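This note's numbering applies: residue 1 is where the sequence shown begins, and numbers increase by one.
Among these hints, one or two may not hold up.
[Said to hold, decoys possible] Quick list of the computed label-pair ranges, beta carbon to beta carbon:
(1) A182 - E57: 38 to 48 Å
(2) P467 - R357: 29 to 39 Å
(3) R159 - R53: 43 to 53 Å
[Unchecked claim] Computed cross-link-like contacts, DMTMM-like style, restricted to lysine to aspartate or glutamate with a CA-CA straight-line distance of at most 20 Å:
(4) K115 - E104
(5) K90 - D160
(6) K201 - E31
(7) K90 - E212
(8) K201 - E33
(9) K201 - D248
(10) K137 - D338
(11) K201 - D9
(12) K115 - D248
(13) K185 - E87
(14) K115 - E87
(15) K90 - E355
(16) K185 - D361
(17) K90 - E351
(18) K90 - D211
(19) K358 - D211
(20) K358 - E104
(21) K137 - E87
(22) K358 - E87
(23) K90 - E33
(24) K115 - D252
(25) K115 - D211
Read the hints as simulated data drawn from the structure, not as lab findings.
In this text the structure is predicted, and so the values were computed from the model without any measurement.
We treat Cβ as the ideally placed atom computed from N, Cα and C, and that holds for glycine.
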Amino acid sequence: MTQPPKITDLRLLITAAEAYPALERAFLAAETEISASFLVFDLTTRLRSPEAREIGETWFDLILHCLRRGVALRFVLSDFDPAARPEMHKGTWHSLRRFIAAAELAGPEARLEVKAALHPAQTGILPRLLLWPMIYKRLWDLAQDLNALSAPQRSARLRDMPAIAARMRHAADGTVSPRFWALPKLYPGTHHQKLAVIDRKWLYIGGLDLDERRYDTTGHDRPSSQTWHDVQLLLRGPVAEDAATHLDQFLDLVSGKRRPARRGPGQGRDTAPLLTTLSRRRRGPIAHIGPKTISSALYQRHISAVSRSTRLIYLESQYFRHVSFARALARAARRNPDLGLVLMLPGAPEELVFEHRKGLDTRMGEWLQARCLRILQRSFGPRLFVGGAAQKRDPETAIPSGRAHLSGAPLIYIHAKVSIFDEREAIVSSANLNGRSFRWDTECGVHLTDPEEVAALRQRLMQHWLPDGAGAAFFADATAVSAWRGLALSNAALAPQDRRGFVVPYDLHAAEAFGTPVPFVPEALV
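The whole structure should be built from the sequences, with the hints applied where relevant.
This is the structure we're talking about:
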């Protein structure tokens, strides 16, 4: 593999407590333009850095400040299938209106381009017919919730839910009901990437969106439902220009207006540091649920990095649900008897423990993750450690319940997407280790290949979970797996307040007990 373009001034940002101030300072330093795409970007989020707080209290004030300085802003906000995720759909359009309000306050010279972008891929007619009763029930329940509001409240809510408003009949008294005979369109893909490019020189990229829910500190001492471990990078180099080009083009690529270039930014050049997943609508879909993949660079680079690994792979992910990736790891384990794997996962999915969604999609996701972990267990054996993270909080003062706790303590929610292979290469991105991120959703990340940078990245990420003064055995390739396992088992046997670090064992049996297979549903759906 030839040497990729140089990345300079690399900063690792762990949790929003480090990432949000860094992004604020980058916006304040912008001279000409900022281009960005996020799943969630809430302008009511409070500013954290002292420099930004000099100009206002929230991100609305910072956006207004940038526009008044003459900085051109281009934002793509992900929109959502209105029937599947109505609250997310509402949040997107609420943010869009705030961006527009900031531009109006900034004056006629403000340069703002902001778009709520729904992934154009649609599910085929046969799955839509099968799912029609469930979708109609969701729309009916949503209509009842809307009708319970006062007329002004209902009008305000529908203003931020244009796709829901379009699917409703509107009575003379202002009440709404779903259109019964209209077969609803279903949109399975999402623009899941989280990145900003400042002056086409600096790139902010990783797994973290922007809102108050995602704010957490490295101490994770908030209520469990408010914890959020995530990782971003801030860096400079030619990769920033590639990311800017990707942001310029990706909407045309996924809509089919532009043909994917064989060697375009993020689309698979062997040494390019920018990596993407891109998909577009299938032509004439009848039975297909998901879109057609047109860039799988993130998956392909993961597979090639696994094949080169011989000592230790370290992974942090929100989900581990991709059977092909699990099998690639298993093959590597069989080829390399010295290869170990440390995998950090949340104790349970957010949608289960915090949103209390127990439907078939959640159950299928847990079943699929348990299946993938069993594949790893059979191939790695004692060379595998699968862990979670829990707060060092006395359960008498914060009583957890069910899957919301891990080893008797409130869990720390892990949302990071980091893959480190030996101390040779690393991938930091918006992509989870599942079929949705590797095949359907719009994702973006960077591939780091400087050994010194990768070693420093791994050291700091590992240290985040470990107790102060953790010995060399926790970081050394040959001993890390056994050291982490020993710490996790020791912590599980102690009261939460007496534990060292955050590491505890992942509860695979709980995932298996809850999960269930769903026939004929593609794994990329979850």
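Results for each hint:
At roughly 43 Å, the beta carbons of A182 and E57 sit within the given window of 38 to 48 Å. For the pair P467 and R357, the beta carbons lie near 35 Å from each other, so the given range of 29 to 39 Å is met. Distance hint check: the CB atoms of R159 and R53 are about 31 Å apart, inconsistent with the given range 43 to 53 Å. Only pairs whose Cα atoms come within 20 Å are accepted, and K115 paired with E104 is accepted, the gap being roughly 16 Å.
For the suggested pair K90 and D160, the alpha carbons sit about 5 Å apart, so the restraint of at most 20 Å is met. Under the criterion of a C-alpha separation no larger than 20 Å, the hint pairing K201 with E31 is consistent with the structure, at around 11 Å. For the hint linking K90 to E212, the alpha-carbon distance of about 16 Å falls within 20 Å, and the restraint holds. For the hint linking K201 to E33, the alpha-carbon distance of about 10 Å falls within 20 Å, and the restraint holds.
A threshold of 20 Å between alpha carbons decides the hint, and for K201 with D248 the separation of about 15 Å falls inside it, so the pair holds. At most 20 Å may separate the alpha-carbon atoms for a hinted pair to count; K137 and D338 exceed this at roughly 53 Å. In summary, the hint linking K201 to D9 is supported, as the alpha carbons are separated by about 11 Å, within the 20 Å threshold. A hinted pair counts as satisfied when its Cα atoms are at most 20 Å apart, and K115 with D248 qualifies at roughly 13 Å.
For a cut-off of 20 Å, the pair hint linking K185 to E87 stands: about 18 Å separates their Cα positions. For the given pair, K115 sits about 18 Å from E87 by alpha-carbon distance, which is consistent with the 20 Å threshold. Taken as a hint, the K90 and E355 pair is honoured in the structure, with Cα atoms around 17 Å apart against an allowance of 20 Å. Proposed proximity of K185 and D361 is supported: the alpha carbons are some 19 Å apart, at most 20 Å.
A hinted pair counts as satisfied when its Cα atoms are at most 20 Å apart, and K90 with E351 qualifies at roughly 18 Å. The suggested pairing of K90 with D211 holds, with an alpha-carbon distance near 14 Å, which does not exceed 20 Å. Of the pairs offered as hints, the one joining K358 and D211 is violated, with about 25 Å between alpha carbons and a cut-off of 20 Å exceeded. Distance check on the hinted pair: K358 and E104 sit about 43 Å apart at the alpha-carbon level, beyond 20 Å; violated.
The hinted pair formed by K137 and E87 meets the criterion: a straight-line CA distance of about 16 Å does not exceed 20 Å. For the hint linking K358 to E87, the alpha-carbon distance of about 18 Å falls within 20 Å, and the restraint holds. A distance of roughly 28 Å separates the Cα atoms of K90 and E33; the hinted pair therefore is violated under the 20 Å criterion. Between the alpha carbons of K115 and D252 the distance comes to roughly 13 Å, so the proposed pair stays at or under 20 Å and holds.
A hinted pair counts as satisfied when its Cα atoms are at most 20 Å apart, and K115 with D211 qualifies at roughly 18 Å.
The earlier numbered hints that this structure contradicts are 3, 10, 19, 20 and 23.
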